[in-house]
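Chemist: Using the sequences and the accompanying hints, generate a full structural model.
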Amino acid sequence: MDIDLITNVLYAMIRTGTPLLIVALGEMVCEKSGVLNLGQEGMMLMGAVIGFIATLLSGNVWLGFICAMLAGVLMSQLFAVIALGLSANQVATGLALTIFGTGLSAFIGSDYVGKPIDGLGVIAIPVLSDIPIIGKMLFAQDLIVYFSFGLFAAVYWFFRSSRTGLVVKAVGENPHAANAIGLPVMRTRYLAVAFGGAMAGLAGGYLSLAYTPLWAENMTAGRGWIALALVVFATWRAERVLLGAYLFGLASILHLVAQGLGFAVSPNLLAMLPYIATILVLVMLSRNSGRSKLYTPASLGKPFHASS
Amino acid sequence: MTTSLAGDMPNQPPRLVMKSITKQYPGCLANDAVDLEIAGGEIHALLGENGAGKSTLMKIIYGVVKPDSGEVYWEGERVQIKDPAHARRLGVGMVFQHFSLFETLTITENIALALGDEAGDLKALADKIRTVSERYGMALNPDRHVHSLSVGERQRVEIVRCLVQDIKLLILDEPTSVLTPQEVDTLFITLRRLAEEGCSILFISHKLNEVKALCHHATILRGGRLSGDCIPAQESPASMARMMVGDETPITMDYEKVLGSDVFLQVRGLTRISEDPFGVDLKGIDLDVHAGEIVGIAGVAGNGQEELLAALSGEDTVENHDAIHFPCGPVGHLCPEKRRRKGLAFVPEERLGRGAVPDMSLKENALLTGFLTGLVSKRGMIDHQGTESFAQKIINQFKVKTPGSETHAKSLSGGNLQKFIIGREIMQKPQLLIAAHPTWGVDIGAATAIHQALIELRNQGAAILVVSEDIDELFLISDRLCAICDGELSPLKPTPETSLEEVGQWMTGVFDTATHANSTS
Amino acid sequence: MLVKLEPRGQHSRKMAYLSPVLAGVLTLITSGIFFFLQGLDPIHALKTMLYTPISDTYGLAEWCVKAAPILLCAIGLAVVFKAQVWNIGAEGQLLIGGLLASSVAVNVIEAEGIWVLPAILLAGVIGGALWALLAAWLKTHFNANEILTTIMLNYIALNLLVFSVHGPLKDPNGFNFPESAMFGDASLMPVLIEDTRVHAGILFALFAVAAIWVLLSRSFMGFQIKVLGLDHSAARLAGFKSKRLVWVTMLISGGLAGLAGAGEVTGPLGQLVPQISPGYGYAAIIVAFLGRLHPVGILLASLLMALIYMGGEMAQIELNMPVAITGLFQGLLLFYLLACDVLINFRVTLPWLSSQKTTAEQVN
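Protein chains in written order, with the working numbering: chain A, 1 to 308; chain B, 1 to 521; chain C, 1 to 364.
FYI, nobody ran anything at the bench for these hints, they're computed from the structure.
A hint or two may mislead.
[What the hints assert, rightly or not] Here are the simulated BS3-like cross-link-like pairs (lysine-lysine), alpha carbons at most 27 Å apart as the crow flies:
1. K401(B) x K14(C)
2. K378(B) x K243(C)
3. K66(B) x K302(A)
4. K4(C) x K410(B)
5. K82(B) x K243(C)
6. K378(B) x K241(C)
7. K302(A) x K401(B)
8. K47(C) x K410(B)
9. K410(B) x K170(C)
10. K342(B) x K241(C)
11. K66(B) x K19(B)
12. K243(C) x K338(B)
13. K338(B) x K241(C)
14. K429(B) x K241(C)
15. K4(C) x K302(A)
16. K4(C) x K66(B)
17. K243(C) x K302(A)
18. K302(A) x K241(C)
Modeler: Below you can see the structure in the form of structure tokens.
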């Protein structure tokens, strides 16, 4: 393997891992507050299509990203109203959100399939980007990738050192106790879900505005679900989400490596790799359920109704 | 001490006055025109059975529940307590029965959460926690995670959480039900000290001896209404009990102690590592239960009771088959169904969500463990009529109050559901009945009925094992007694030969009480 | 707050039946408004979608063709969902069922005899069941969350199918189209009514509905499945073997989905193509919820869902709408259902109404 190939694979690994990292960090915050939102895929698709249309109509890619995040937030609040406000089953509501988002995005985007836009450009940081191998990977990326580095640091700090992070953890572990000592359980959960929605929208927007950049029906191809598995794999810890996202990024671009090394394998078979990797990861991790119990938000997925 | 009240400060208004508080829940009048008055520095007892309205009244004071009508005065001023934060600002602190703590956080983090923005710097808070806890004789290491604490220590955290603020009224909800007798003594010292410093204390309980020993004044509720007001020191436990339960219910009973015949359940060297990171490992448990006797196991919650019960019921199997023996042979490897076929019946601690399926009818819940009594055909079909009549029989024989067998388990009161579950198990004519906490949260009438049913089953020759946190109950019904602590079992002694103090020491892990007594004397 | 929820003591049976109807009505109203905003006459548009497709015999027959796979998947899901095992993989199980049935069928194109079709269908059932059992094994042995594994298996199944029609199963005489050869006559489902496409698959589906009904309401196995779903600890206490129940339910659900896939390739399609299913496996999830996991409810909900599929196609032709409108309808329906289900366990009250009253009383 030559240096160029390694450099490019590492570069592509980060790019491919970035949407996963963003959506998984959002979902992690959401799950830490005790809410399991299986609608990531639907929110990502809505972010992707709305961001794409906004960019196409306005010509401004940043407006596109803002609209993508807003779309994600709106979708997440739809989930929140039903799953939190009306205490419906979170699994079913999340599934509904994905089915709804898939349908709605395909409907809205049907006139925009295959249209070209100017995607988000790369900003190479002088000097640093010239470092061999890791220079291109870390310092010659687009702004959203840099943002994702910052997002990781922020989430890491949030749960490690901030008081609000403590509140989120407490609400996710024992909402009844949190309510009894006067913490705002519902508000915390609504906000956490909204944050998850914003990040899912942004990740979707990244796919249609920077990664591809174009809009196609169902273009997220299960990334929302993989992100959910990633959060489990990471046992709700930001540093492991980061690691997992890039590992999945790598699994998704193995066909590049295969081509680079001159192997001819059916693209359909290689396309299965991320999904197989997801299953393997779930298997390896879930085996020891005792250990992961220490980190799992104890009330995850359980409805809370302050009845007393 | 009792005379140091009101007299000192004649012009001071009482700390808390509640007038004619009423709270209606759907289908239940929880508080009906209740009055309560607590002076500064007073230890006031709120007495009543489960469902008498104590919890509702206490939640109203703490701002968790809003009354439908009535007036609340705080140090002479009319207030409407909006929420717990408001209550805390006034100086009300609360120690919950089911602790409101977060397992995965440290003590400091837990307390910081409750304090909100006043918590300030965590290091300074940790120092304050250390100082306060030592001052009141409740030493705590603020850096420890809550999941590593014993039940008694968790209660200290709850109390310290109130004390790091300026506190004028401390509410404790059934604080002694989770403690060993020795821990209760320590708690009372702390509470008396607090009261001497001017803090009022509202002590919610149904244990009359404790109220008599600790409290200056008592308010008694029955069925949501005020049924009495007294000075405990001037009353006998029996007279207070009358005010609690009314005239109709028989209160105490004395049961004859007997010796069993042949051994039915034999446990030898039962050792099991818990799969749960928060669980307790069982360490070399030896235990015999004879046919025709009741053996009681005392202990503070979380000392291996759940693990022992799961191993005995077959929900957890053990690798060493011989560790658990029925007369027919080793059963340690058998699943619950096979053990039931060999004569076991089991009453779990959780009534709803284990003993009975909340969203299923009583009829279906009768089938849950009753399916072995010929209610399922060889082809796997359910005998619906047989199930119905089995359910009816349980309801009639054990006087379960319910509209019918189609009623969902979750709409029954705790006592009625427990009678149904115990009835379901007893109707299967078990040779061994294992019951966990058979009367917690049950009113006195139902508890008496349950005790009588157990005694009757014993007299018919069944072996019975009762695990309970209520020592009084164990002394009442057990023929032999022991205690569990950190996964180990104390010696097993006939009830008349042991004492409350000895069992209390067993509960804290001091098993060799004879030598211990010698060495301390 | 504008509305307040008060828990009912016991859940309302009336509301449990009423809620899907209410959800259907709300979906109709919303889509009417939606069509109006698109500049269409809402009555006409709804009629085009929901009545025109079934207004003649051929349409009614097509209705059965569409309903059969949805019904087979959904009735299987009723069993797993009762056990609270979240098999989201009916789609993948259907695809693998179709794939395995096809790989048998392309090898017996010339064969005659009545054993041919049963063998192909059996292959489909086995394919679907194995795909589901894979997820069951991952769940019981490795504790891997079945929602995620079944979804991943859906994507893998789709890629396997696409790989197969581009590779091993491609028709050598098919001008390089990604399709298998047309199946032999003995491999095709018998047509029930002449000049239509309605085939024996709907009979299999109806039989499955009856069998599952008996399983869930009469048998002890069904009782155990229900207990496992409602209360895991109670099932453990009673000694029900939860792992075995997970396997059995997944086997039933996967097998039926596999049969649905086999029915599609041997029925209306007659060959293996990349698009066996327009998301029947996902639609079946909605159907299962909408039908309250009850066989009769699921039968009705399947018919509704099949109609929505046909309506989507009709809307594309007649109203110039994207066919994705089907997904939109499905999502809306499920959302409304979940929202309406709140009424089963809660009573909705309007606190501003009663508080106005109390202030008025105080003034007096």
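Chemist: Please flag the earlier hints that this structure goes against, numbers listed from lowest up.
Modeler: 5, 7, 8 and 9
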